[in-house]
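**Student:** Each chain, written out:
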Amino acid sequence: MNRKLENGLWRHALSLMTATALSVALVLPGATMAAPATADVSKTGLAVTDTTVTVGILHSLTGTMAISETGSVEAEKLAIDQINEMGGILGRKIEVITEDGASDWPTFAEKARKLLVQDKVATVFGCWTSASRKAALPVFEKENGLLYYPTFYEGLEQSHNVIYTGQEATQQILDGLNWVAKEKGAKTFYLIGSDYIWPRTSMKIARKHIENVLGGKVVGEEYAPLGHTQFGSIINKIRLKKPDVIYAAVVGGSNVAWFKQLKAAGITGDKQTLLTISVTEDEVLGIGGENLVGFYSIMKYFMPVENENNKKFIAAFKAKYGDDSVIGDVTQAAYLGPWLWKAAVEKAGSFDVDKVVAASPGIELTTAPEGYVKVHENHHLWSKARIGQWQADGQVKIVYESDLIEPNPFPEGYQ
Amino acid sequence: MKAIYNNLLGGRQGVIGLALLAALIFLVLPMFLDIFRLNLVGKYLTYAFAAVSLVLIWGYGGILSLGQGVFFGLGGYCMAMFLKLEASSPENTAIQSTPGIPDFMDWNQLTQLPWFWEPFNSFPFTLFAILAVPGLLAYIIGVAMFKRRVGGVYFSIITQAIAAILTILIVGQQGLTGGINGITDLKTLHGWDIRTDSAKYLLYYINGGLLIGVILLSRFILSSKLGRLLLAMRDKEDRVRFSGYDVSNFKIFIFCVAAMISAMGGAMFTLQVGFMSPSFVGIVPSIEMVIFAAVGGRMSLIGAVYGALIVNYGKTYFSETFPELWLFLMGGLFIAVVMFFPNGLAGLYEKHGKRIMEKIKSLRRKPTPPAEKTLAAGNDTSAAAREAA
Amino acid sequence: MGGYTLTELGSIFVMQGFAGLSLFSVLLLMALGLAIIFGQMGVINMAHGEFMTIGAYTTVMFSVLTAKFAPGFIDYYFPFAMLVSFLIAFGIGYFVEFAMIRHLYKRPLDTLLATWGLSLIMQQIFRSAFGAREVSATLPEWLLGSFQPTESIDIPLNGIFVMGLTVFVTLGVFYFLFKSRWGLRVRATTQNRIMAGAVGINTRLVDRVSFALGCGIAGIAGAAFTTITSTGPTTGTLYIVDTFLVVVFGGAASLFGTIASAFSIAQAQSIMEFFMTGSMAKVLTLLTIIGILMLRPEGLFSIKVRK
Amino acid sequence: MSSATDFTLAIEDLTVSFDGFKAVDSLNMYVDRNELRVVIGPNGAGKTTVLDLICGKTKATAGSIKFKNKELTELSEHQIVRAGVGRKFQTPSIYENLSVYENLEISYPAKRNVWGCLTFRRTAEIEARVREVAAEIFLGDLLSMEAGLLSHGQKQWLEIGMLLIQDPELLMLDEPVAGMSVKEREQTADLLNRISQGRSVIVIEHDMEFVKNIAHKVTVLHQGKILAEGSMDQVQNDERVIEVYLGH
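Protein chains in written order, with the working numbering: chain D, 1 to 415; chain W, 1001 to 1389; chain P, 2001 to 2307; chain X, 3001 to 3248.
Bear in mind the hints are in silico, worked out from the structure with no lab data behind them. All of these numbers come straight from a predicted model, not from anything done at the bench. Glycine residues also receive a C-beta, built at the ideal position from the N, C-alpha and C atoms. Please note that a few of the clues may not be correct.
[As the list claims (entries may be wrong)] Partner residues are not named here, just some residues of chain D that face chain W (Cβ under 7 angstroms, in silico): (1) Gly91; (2) Lys93; (3) Ile94; (4) Val96; (5) Asp100; (6) Pro106; (7) Ala131; (8) Lys134; (9) Ala135; (10) Pro138; (11) Leu156; (12) Gln158; (13) Tyr372; (14) Tyr400; (15) Ser402.
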């Protein structure tokens, strides 16, 4: 662990300097430099003209997932607008084709194929749930497309054709567990999640970490079917086990029922430590701040993150989408996609997927709202983890911020 | 020969209908669509299997199964299991802690292939299972329900609950089933890459051929005495029983046949789309399948195919163009079909066709008396029945 | 269960019993409206869940408006919200019966499809009007938190509230169906429409009001569920299968059966949930229901009729 | 349990109760070979319920029904039919969407399992039999007509024909002349007299004139029990019968 961290810090420092230089160089001359010839920057028949390059956005605009994915679409469009205002990429304006995955996994695959085969887009920003990504992934691999995927997810995947701008499971989970073990002296944990792959994989990693690294004990592990709204029995089980920490990954409508019923059962933040990996500012709107007071979330980004990038980002976002817009972790990660792609394309001097992919590892973004990110060899991002404590008004107070964490989608000893 | 002509092909009108459909599937669509769109049509046509099966069981049998998605899904899963095993050869999965098993099992810490996956290494067994597994489930459900004379609304609600159960099971047992993600990343069938354009063309044609075959089979069933019995049972179940028939056996039979037809669609779906997931098993897809049949005409086998094509094309088109409008349209379509066109497109065609015929006739002789008109309207179902038979 | 004191086990026992009762009242509240619509009238209303959602959104709107214009009133708005939820759902139900259901009384399976279409349309209306996000009502203080009879027992207040409401609505429905003149007309109409018409009952009006009443009760249920969970455009679909199973399992025409079936399903599920995962508990509960329904296709309580 | 008898139908101690109400109460009734028995009684006497019990539509609470010494209470409807019992319902129950020919063909007692129905072919033998029966029920010229278009009386005949084609040994008819014109009634009486040759027939009927025309023996039911039994004359002069039924 330590060596990795040191290593990371050293690289961090080094790359900060180069990145600053790079970004200065990029921002200034973009407009003045003559755009390189199309034949040079696109040899694989992508939708690139002398003045434009076409990209795709592929999220659910309708259906059950539209709630969650709307923020990502907004963030991606904001980033693309900003890039276009700065002169575009390689002298070309970005044009967007938006497709609706309709919360239906085969539709994602179908629309991905349309974007790649018919529209020949240079890259796609999209997918949200693991299921939609899993459905679309074979298409991206077969057609050799490029996907920027924004959601924090279970890991266990690494594709030539995908850049993962959210956290993989270990980045999100391990530091949070270390923190509660240290700060709260937690020894016993109760794990609860919705019944599907992300919570199950996350809980598996959490359990290994608790048992093998922290020397703690998992006193219960529980999965509720998606859409479950009655947590009475589960809450009683938790009460019987009296865990030091409840570790939760419940999603969707169940999440709201879960927190409301916790509060109604008298399990509140002042009596019980609860750490969740499935509540961002987006979810709080539905759950209600009053039901979360004192509980903790771990994410890589919360709105109050203090830095200039974030201030600008929030201001721009609110200016475009209204003052009461809320930005959650995934929305921020989605915002990174177009910027990371821009940097990689410019580094490669080409839109061709293989060249962009080859150029991607090592790409850094000092302008990220979350602070600083860097693309790892394994196509995930180096990023920080932050723990926030929820306040009654639905805002979060950041109580812990980690160092940069190396992404490790296939964590040894955790599988 | 004449018997074949009349029973299988449904006489002159049936031959024309079938020929038109075959021409559309095999000639017109491939000529005008690129492979991307054609693959979509192929996907829609897999739903047509389910719609045809609903014509059998719902239109003729009067049994509204809200669980056709279950059988569609089971067929699809059987095929997906075989393809997944082929995709998970030890070489392809060398980075796993247990190479040689599907990736999602590895993530769920399974160290060996579950017993019920083993037989799916064999392609002949898989083909057998695609029909046998849904058929067996349908048989069990059928015996349990029809022998105890559960029918009508109760049957619909129970099949719906079964769809819910199977979805929860598949999602909950992700180590064995791939969970909510389903079984993905299917690549080859006996080394033949199913993702290439040529494979897609071939699969499309196989799919179309199977569909025509299924329609012929269904016609054979419906034009036999069994078909008449189904209609008889739908309207006067007691009378059939008191004519000495064991009604439940016939219901079980047609339910099993319908299940197997849906399952074929599911298997073709997996091959053409490249994955299978629990979202095709549940309540919503099952009801959508009923709508395909209702729009096409619940008494018309060929109508069901058009119903599946049109509703799905509409879904793709409108969700691309006016996503907001889509649900309104779909909902409105449900209501309109049920309230105003209970015989769907086939019924409309019948009426329209008849009117044109009448016009042609009326040019030759005096206008037909109104009495005959009402007569014709009253006989719509049987007229549609004859069209399908 | 070593390592626990007797008091602890006792407390858990009490709270677990309450969890079961609480689930029971939720199921019953959902099913009551349908017991009238499906049980008494034989109409399969697949949009029943959406009528609950109407109630839920009404309550959320009420809470938002109250918070905005009369923050001092926030402790008292809830009963009004429920009343309005009832009225709105009743009104829409009245209209739906007029425009759609009455044409389909003779075709129950077709009603199923048409009302499914209706549910799709209603979901899209919710989405267009209120957005796709899940929303929650701000609850009055007296509905939050728990009641602590002893140190180690916490009884959720919202659970008590839903339970009380269920008792109230159940009694109301019983009174309506079995004690009032109107109920007599409803029962007469459902048993013999032609005869009822012949003795001067306006069967059309009876149908319409019964359907609307069932929808109105769904509206109340929806309003009450805002205390438990959030509301989204597709919330209703979560409830529909369970609701139908409760009514069918109880024996469609028997109100008492509906109560008994809600009780047994709730107890079975909450007890099993205590000992196994939620998914398995759900699957086992559903399988048991189907198994019993196969043995007794007419449900738990059926009225034997000489045909 | 009762012992073997010579009767075609032997009903002994038959009871059925609906939620405590005994619609048929310890009924004993015997029908001879080739007998035409008429069952009469006021509404609610349990007449139709008795037929329901014999043909298996309703399950008995207690007692036995023996048909040619074969216990029927344990068989399901189609088995009872195959044993040789045919039943006509009160309201004509025919397949309205099928033609007269198809109605009769479906009722023809051959290939009544799933596979048989799939492979069923029209044979000359079946065709001849269908035509024969159709002629007998006065529908010989209407074979291709859709059954739904027949008159009420013709529908009643068609249903009788559907039973006839099965050649049952026991034929049960529930109000066969209800809704018929006078001429049709006469034709039906004639038909019944003809078809009761060589088989036993049970008829439920209210029309006394019609009953007189056909009955060998009359059973009067009242409140689920036999009130009187005997020839038409005997029954008509029975005081109890006059009191509860005929006198009004």
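**Student:** Each hint needs a verdict: does it hold in this structure or not?
**Tutor:** Consistency of the hints with the structure:
Given the 7 angstroms rule on beta carbons, the hint for Gly91 (chain D) is violated: about 31 angstroms separates it from the nearest Cβ of chain W. Among the interface hints, the one on Lys93 (chain D) is violated; its C-beta lies about 24 angstroms from the nearest C-beta in chain W, farther than the 7 angstroms criterion. Violation of the interface hint for Ile94 (chain D) is found here, the shortest Cβ-Cβ separation to chain W being roughly 21 angstroms, above the 7 angstroms cut-off. For Val96 (chain D), the interface hint is violated, since its Cβ never comes within 7 angstroms of a Cβ in chain W; the closest pair sits about 15 angstroms apart.
Below 7 angstroms, beta-carbon pairs count as interface contacts, and Asp100 (chain D) has one with chain W at about 5 angstroms; its hint therefore holds. Here the hint on Pro106 (chain D) is kept, as its CB sits about 5 angstroms from the closest CB of chain W, short of 7 angstroms. Given hint, Ala131 (chain D) at the interface with chain W, holds; its Cβ is 5 angstroms from that chain's nearest Cβ, closer than 7 angstroms. With a cut of 7 angstroms, the hint placing Lys134 (chain D) at the interface with chain W holds, because the nearest CB-to-CB distance is about 4 angstroms.
The criterion of a C-beta within 7 angstroms of any C-beta in chain W is met by Ala135 (chain D), whose closest approach is roughly 6 angstroms, and the hint holds. Annotation: interface hint on Pro138 (chain D) holds; nearest CB of chain W at approximately 5 angstroms, less than 7 angstroms. Here the hint on Leu156 (chain D) is kept, as its CB sits about 5 angstroms from the closest CB of chain W, short of 7 angstroms. Annotation: interface hint on Gln158 (chain D) violated; nearest CB of chain W at approximately 9 angstroms, more than 7 angstroms.
Look at Tyr372 (chain D): its Cβ only gets to about 30 angstroms from chain W, farther than 7 angstroms, so that hint breaks. Because the beta carbon of Tyr400 (chain D) sits about 29 angstroms from the nearest beta carbon in chain W, more than 7 angstroms, this interface hint is broken. Because the smallest distance between the Cβ of Ser402 (chain D) and any Cβ of chain W comes to about 25 angstroms, over 7 angstroms, the interface hint for this residue is violated.
Hints 1, 2, 3, 4, 12, 13, 14, 15 from the list above are not met by this structure, while the remaining hints are.
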